[in-house]
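Asks: Take a look at the letters that make up each chain.
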Amino acid sequence: MDPASILQYCITGLTVGSTYGLAALGFTIIFNTTGVINFAQGEFVMLGGMVSVFALRGMGLPEPVAVALAVPVVTLAGALVERLVIRPASGRPAMDLIIITIGVSILLRGLVMLVWGKDTHALPPFSGETPIPFLGAALMPQSLWVLSITLALLAGLKYFFSATLHGKAMLACSHDAKAASLVGIGVRRMVLLSFMISAFVGAVGGVILAPLTMTSFDVGVLLGLKGFAACILGGLGNPFGAAAGGLILGVLESLGAGLISSAYKDAIAFVILLALLFVRPSGLFGAKDAKRV
Amino acid sequence: MTIARAAALALAALLALAGCSKESDSVKIGAVLSVTGPASFLGEPEKNTLLMLQDEINAKGGVEGRKLEIVVYDDESDVNKCVMAARKLLDQDKVVAVLGPSISGNTLAIMKLFGPAKTPLVSCSASEKIISPVDPWVFNTPQLDRHAVLRILQDAKKKGYAKIAILTVSDGYGQSGRAVLQELTPAQGLTLVADEVFGPKDTDMTAQLTKIKAAAPDAIICWGTNPGPAVVARNRVQLGIDTPLYMSHGVASKKFIELAGDAAEGIVLPAGRLIVAGQLPDDNPQKALLVGYAEQYAKRFNAPVSTFGGHGWDALMLTVNAIRAGKSAKPQDIRDNLEKTSGFPGTAGIYTYSPTNHNGLDENAFVMVVISKGDWKIAE
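Same order as they appear, the protein sequences are chains G and F.
Mapping of the first sequence onto my numbering: position 178 corresponds to residue 430, and the numbering continues sequentially without gaps.
Mapping of the second sequence onto my numbering: position 318 corresponds to residue 321, and the numbering continues sequentially without gaps.
Lysine to aspartate or glutamate pairs mimicking EDC-like chemistry, simulated, CA-CA at most 16 Å apart:
| id | chain 1 | residue 1 | chain 2 | residue 2 |
| --- | --- | --- | --- | --- |
| 1 | F | 162 | F | 221 |
| 2 | F | 121 | F | 94 |
| 3 | F | 258 | F | 268 |
| 4 | F | 115 | F | 138 |
| 5 | F | 166 | F | 198 |
| 6 | F | 166 | F | 245 |
| 7 | F | 257 | G | 371 |
| 8 | F | 162 | F | 383 |
| 9 | F | 204 | G | 470 |
| 10 | F | 204 | G | 518 |
| 11 | F | 166 | F | 186 |
| 12 | F | 97 | F | 72 |
| 13 | F | 204 | G | 371 |
| 14 | F | 70 | F | 58 |
| 15 | F | 258 | G | 371 |
Please keep in mind that the hints were generated in silico from the structure rather than gathered at the bench.
All chains, please: the whole structure from these sequences, using the hints.
Replies: As structure tokens, this is what we get:
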């Protein structure tokens, strides 16, 4: 077991893990304001990738423009989902809303399949495909993009939730929506905002991932599942725990595939997840009294 | 109760009679294909091809003076719908032969119906279980995984590679390829030094490739269908691995080159001759039909031709050829004459069926191609 291979497994794991982490982040943002698990989160990631591919190939825009266009478009889609589907059903039990989000995810997948077909598409990497040698392992420039943008997003969200009025208002809604509205917080607006932020995070994720992982109408399914697992691993109510959970899940998978067996890669990650939940049911970084769904 | 039953019987008899009287006007061939659903990339070009050939054959006077009528049912890539469609073709439509299904699982589910119905089935799916052991009524047209593996291993031996690493996808296609690779690699005198697997939806194979790199093979064989192998090709370049990479015939479409980009350069794989038809020497017995089929398909459907549509071409033309050879469209005669097919050029290769070989092809159905400057080139 040479150290260069181990380092390679860890680099791979961190890159793949950021994808899970970004999906997980979106879950926690909506969960924190509404108490709803948004199962369409993986579809926001998929939309980010597919819209940028369409803008690049279908409309012939240069890549930076295509990418810069995809993010607001998907953020808008997040807002539409809230206004058209979630808001009319507000006041229903959380479980109803969760089932509605599953419906939304199927609808989005179907629409994208109808409009852009079932093919897989690749997006060119932002800064070339020449690997950077790093202590005997190979590091892709795109991996650096993914890791640094993920960290920047995390820092931005941290600032938003702890230092801005809107962020604090959203946290207040998550604790008690009625009390929040009594002190003058527009709860509906906060819910809308949370859908937009999580669609934004998903879209950024989709855009930076597409060059590494390629994209198609159905990539959101697996990402949503792994992101959800990352969320549970890190602690459902905690965005930063969720992102860390994603990274940990990615590294575990990669080490499992490399050191034990690639045939059981997914199984290894989920077995560790289950084992951990027996020991710490609230996740690694979750508050002790976090509500579970 | 009895009256109802008698009425039902009478009705059934009438329907059967109606079926009989119609039989003489046209030769009715059934097809059950995955036109929609996950396997639609197989079934759709197959259906297009069948209907295109039906029109062409009828314009030229039909089969043995009778019009050709093809009844196509869509199984939606679903095994239950496939069984229902096959029953309907046999019981109600009274077809003289059935073409398809597109996917192996569906073929395996319906093939037992054909012996009792005494009707031949010419499948468009590739699983070896379809033709081994031989069922007298069941044939298939695509090249077998065994042929592709043999071709790759022969090429590897010729180039002096001794240690082979395999990387296969964990779906049905990959599992069957993996089993043949595990069987034939030692049988051909080569050593298997690494045996890794990836999931069909996986987006990163660097862990597996890092492990393979540590095993220091002379060549890597990757077995899968898009998009997994494209990720493998990219990850290989990203990790700076310069070990030669073989792919299976599962990626012999332009889509693979598009997805893998520059990382596809130099990859070698076995492929049917359809994708390199233009490069074949003029005396190749398949050249004229391949070039003609590709042009005709592109013109009519405004889409590039695919190997899978070719399986439909082969299934129908082999059946038509058997009818013409025996001057009879009786199911029993079609079966007997299919089995006597010898040296018939199709899109996948030159078919020679026999009582012990219901696939009709050998490893020469494949030609080794290399990806060069974003296009296919015959490697020999």
